[in-house]
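Visitor: With chain D held as given, fit chains L, C and H onto it using these hints.
Sequence order for the protein chains is D, L, C and H.
Anchor point for the first sequence: position 9 equals 8 in numbering that gives the first Met the number 0, and the numbering is continuous, going up by one each time.
Anchor point for the second sequence: position 84 equals 83 in numbering that gives the first Met the number 0, and the numbering is continuous, going up by one each time.
Anchor point for the third sequence: position 139 equals 138 in numbering that gives the first Met the number 0, and the numbering is continuous, going up by one each time.
Anchor point for the fourth sequence: position 80 equals 79 in numbering that gives the first Met the number 0, and the numbering is continuous, going up by one each time.
Don't take each hint at face value.
Claimed, not checked - Keeping only pairs whose Cα atoms sit at most 30 Å apart, straight-line, the calculated DSS-like set for lysine-lysine is: (1) Lys76/C x Lys100/C; (2) Lys127/H x Lys62/H; (3) Lys45/L x Lys62/C; (4) Lys80/C x Lys76/H; (5) Lys106/C x Lys76/C; (6) Lys45/L x Lys76/C; (7) Lys127/L x Lys106/D; (8) Lys106/H x Lys118/H; (9) Lys106/L x Lys80/D; (10) Lys106/H x Lys62/C; (11) Lys58/C x Lys98/H; (12) Lys118/D x Lys46/C; (13) Lys46/D x Lys58/D; (14) Lys106/C x Lys127/H; (15) Lys80/H x Lys62/C; (16) Lys76/C x Lys58/C; (17) Lys98/D x Lys118/L; (18) Lys100/C x Lys118/H; (19) Lys80/L x Lys98/L; (20) Lys127/H x Lys76/H; (21) Lys62/D x Lys98/D.
Simulated from the structure, these hints should not be mistaken for lab results.
Please read all numbers here as calculations on a predicted model, not as lab measurements.
Number of protein chains: 4
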Amino acid sequence: MYEYNTMVRVRYAETDQMNIVYYGNYAQYFEVGRAEWIRSLGYTYKKMEEMGIRMPVVKMEVKFLRPAQYDELITIKTILKELPAEHEIAFHHEVYNEKEKLLTTGKVTLYFISVATGKRTAMPANLKLSLTPFFSDDHTS
Amino acid sequence: MYEYNTMVRVRYAETDQMNIVYYGNYAQYFEVGRAEWIRSLGYTYKKMEEMGIRMPVVKMEVKFLRPAQYDELITIKTILKELPAEHEIAFHHEVYNEKEKLLTTGKVTLYFISVATGKRTAMPANLKLSLTPFFSDDHTS
Amino acid sequence: MYEYNTMVRVRYAETDQMNIVYYGNYAQYFEVGRAEWIRSLGYTYKKMEEMGIRMPVVKMEVKFLRPAQYDELITIKTILKELPAEHEIAFHHEVYNEKEKLLTTGKVTLYFISVATGKRTAMPANLKLSLTPFFSDDHTS
Amino acid sequence: MYEYNTMVRVRYAETDQMNIVYYGNYAQYFEVGRAEWIRSLGYTYKKMEEMGIRMPVVKMEVKFLRPAQYDELITIKTILKELPAEHEIAFHHEVYNEKEKLLTTGKVTLYFISVATGKRTAMPANLKLSLTPFFSDDHTS
Chain D
0 MYEYNTMVRV RYAETDQMNI VYYGNYAQYF EVGRAEWIRS LGYTYKKMEE
50 MGIRMPVVKM EVKFLRPAQY DELITIKTIL KELPAEHEIA FHHEVYNEKE
100 KLLTTGKVTL YFISVATGKR TAMPANLKLS LTPFFSDDHT S
Chain L
0 MYEYNTMVRV RYAETDQMNI VYYGNYAQYF EVGRAEWIRS LGYTYKKMEE
50 MGIRMPVVKM EVKFLRPAQY DELITIKTIL KELPAEHEIA FHHEVYNEKE
100 KLLTTGKVTL YFISVATGKR TAMPANLKLS LTPFFSDDHT S
Chain C
0 MYEYNTMVRV RYAETDQMNI VYYGNYAQYF EVGRAEWIRS LGYTYKKMEE
50 MGIRMPVVKM EVKFLRPAQY DELITIKTIL KELPAEHEIA FHHEVYNEKE
100 KLLTTGKVTL YFISVATGKR TAMPANLKLS LTPFFSDDHT S
Chain H
0 MYEYNTMVRV RYAETDQMNI VYYGNYAQYF EVGRAEWIRS LGYTYKKMEE
50 MGIRMPVVKM EVKFLRPAQY DELITIKTIL KELPAEHEIA FHHEVYNEKE
100 KLLTTGKVTL YFISVATGKR TAMPANLKLS LTPFFSDDHT S
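For reference, chain D alone in the conformation it holds in the complex (with noise of 0.2 Å):
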């Protein structure tokens, strides 16, 4: 397993008449925590695409427990449970605000998309290195 947290101040723009966030922003908040928790591992989303491999997402599931709102500064834990076996990876992601509340849960699912032949493709080797530690029987942090 591997996590990484990021945090985020809720913009003006993103709530909605209902003095939340809306329902559809947290997929943004999903995606900049995958992109931080990729760059923990030294590595960046925007690289990969320079390297030729997408990520498009072909799952998305979410829980709403309760509302983020303006001005909060909530924190995205990102967690990958399962190093991936073949095109497909799989990220769990779960919202805090400040009191530690859980507001949010998702999983998202995307595939390793080459972009010059545009078919299904692994996750790249320097990735899966990074990841390989957290992943072994014996680790222990």
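Guide: Frame of chain D, contents of chains L, C and H only:
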């Protein structure tokens, strides 16, 4: 069952640098689908809010099968399969492109909430009444 | 002069907790107005991009006179007052609500850019041809 | 004069198929800039709303000089050049990329509005007090 189709043209703002609609924007399409579904029954979500009932989303599941692209005139099919027994209502959404290819499916679950009490409540009686013919046993259309 | 009107219904996603359309969302309405303005001339912005011309925005001025609200069917009037002499084109936009009250005015200036060279270019000849009748001295309609 | 710098990382959601930040999204960057500008003075826009004052935008002017791109860490400089005499306040914004190139300039004018009366009002006294040192004649920093 009661279903209603709405058409939306994809905006440039809704695309991302993958040259497709950003995955988070489908929540807006589903919202538009539900708003027009309610309007087709002679009611509006706006009126419902003015009468003191709000419908926050509590759950969303989306499958992204094919991408939608800029300027496509997409059709959002919004389906209610079961009359809500209590405070919870679940809509199914299907998004099609102009070639009638299925692009995306979604299931969005919402609660009816009383603004006055902040508590869960039932579907407004007149909306339920409009829907009843479509869910009776001998409904033939 | 050539003008064209487009109607858009305000989405819940476009409101903020001030119960009005977020000020940043008018740029999308103006974009929709320009896209339909071009389509009304038998052309599309999508085709223009496919033919190798892009139109990035270089300047925008907006005045917010009255707020737009959720579910309002607003009209976006898009006006070209002068044929572009060179690579620059300026559109005027006016947004009206259902009571025909003027809500917002905008002026958006764009460049014609060749994708191949990355340099400024002229308006496509066939689009200019479609517009010429509306800008001739003896135009009577 | 009082200015404050805020950094924001460009989200994938904020790009469009021109591979740059969509022009309408700068309004959000400016909003974030203003929110952090106020916070730097020991105040928040959230508190201001809770105390019954809202700040709708009445005018915006933006010049797009160079595009911002995905994953860039941009700096939003927010500048108040003059203390508001009445109900109107004008902020200047400048957006820079990591190479300190100026990408965008903006001027956003807002009103102070009392929620209770719906009418224009003055800047809250304690916010004005925090600003006064930066606008006195003998201010040297």
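Visitor: Against each hint, give a clear statement of whether it holds in the structure.
Guide: Structure-based check of each hint:
For a cut-off of 30 Å, the pair hint linking Lys76/C to Lys100/C stands: about 12 Å separates their Cα positions. Pair hint Lys127/H plus Lys62/H holds up; C-alpha atoms about 29 Å apart against a cutoff of 30 Å. Taken as a hint, the Lys45/L and Lys62/C pair is honoured in the structure, with Cα atoms around 26 Å apart against an allowance of 30 Å. For a cut-off of 30 Å, the pair hint linking Lys80/C to Lys76/H is broken: about 35 Å separates their Cα positions.
Between the alpha carbons of Lys106/C and Lys76/C the distance comes to roughly 11 Å, so the proposed pair stays at or under 30 Å and holds. A hinted pair counts as satisfied when its Cα atoms are at most 30 Å apart, and Lys45/L with Lys76/C qualifies at roughly 25 Å. Taking the CA atoms of Lys127/L and Lys106/D, the gap is about 33 Å. The hint is violated against a cut of 30 Å. Proximity of Lys106/H to Lys118/H is assessed by CA-CA distance (about 23 Å); at most 30 Å being required, the pair is judged to hold.
Simply put, Lys106/L and Lys80/D have alpha-carbon atoms about 25 Å apart, close enough for the 30 Å limit, and the pair holds. Between the alpha carbons of Lys106/H and Lys62/C the distance comes to roughly 12 Å, so the proposed pair stays at or under 30 Å and holds. Restraint check for Lys58/C and Lys98/H: the C-alpha separation of about 23 Å stays at or below 30 Å, so the hint holds. Proximity of Lys118/D to Lys46/C is assessed by CA-CA distance (about 27 Å); at most 30 Å being required, the pair is judged to hold.
Distance check on the hinted pair: Lys46/D and Lys58/D sit about 23 Å apart at the alpha-carbon level, within 30 Å; holds. A C-alpha spacing of about 33 Å is found between Lys106/C and Lys127/H, which places the hinted pair above 30 Å, so the restraint is violated. With a C-alpha separation of about 21 Å, the suggested pairing of Lys80/H with Lys62/C holds against the 30 Å cut-off. Proximity of Lys76/C to Lys58/C is assessed by CA-CA distance (about 18 Å); at most 30 Å being required, the pair is judged to hold.
At most 30 Å may separate the alpha-carbon atoms for a hinted pair to count; Lys98/D and Lys118/L meet this at roughly 23 Å. Between the alpha carbons of Lys100/C and Lys118/H the distance comes to roughly 20 Å, so the proposed pair stays at or under 30 Å and holds. With a C-alpha separation of about 25 Å, the suggested pair Lys80/L and Lys98/L falls inside the 30 Å cut-off, and the hint holds. Taken as a hint, the Lys127/H and Lys76/H pair is honoured in the structure, with Cα atoms around 20 Å apart against an allowance of 30 Å.
Our distance criterion of 30 Å between C-alpha atoms is met by Lys62/D and Lys98/D, whose separation comes to about 19 Å.
Hint compliance for this structure: hints 4, 7, 14 are not met, and every other hint is.
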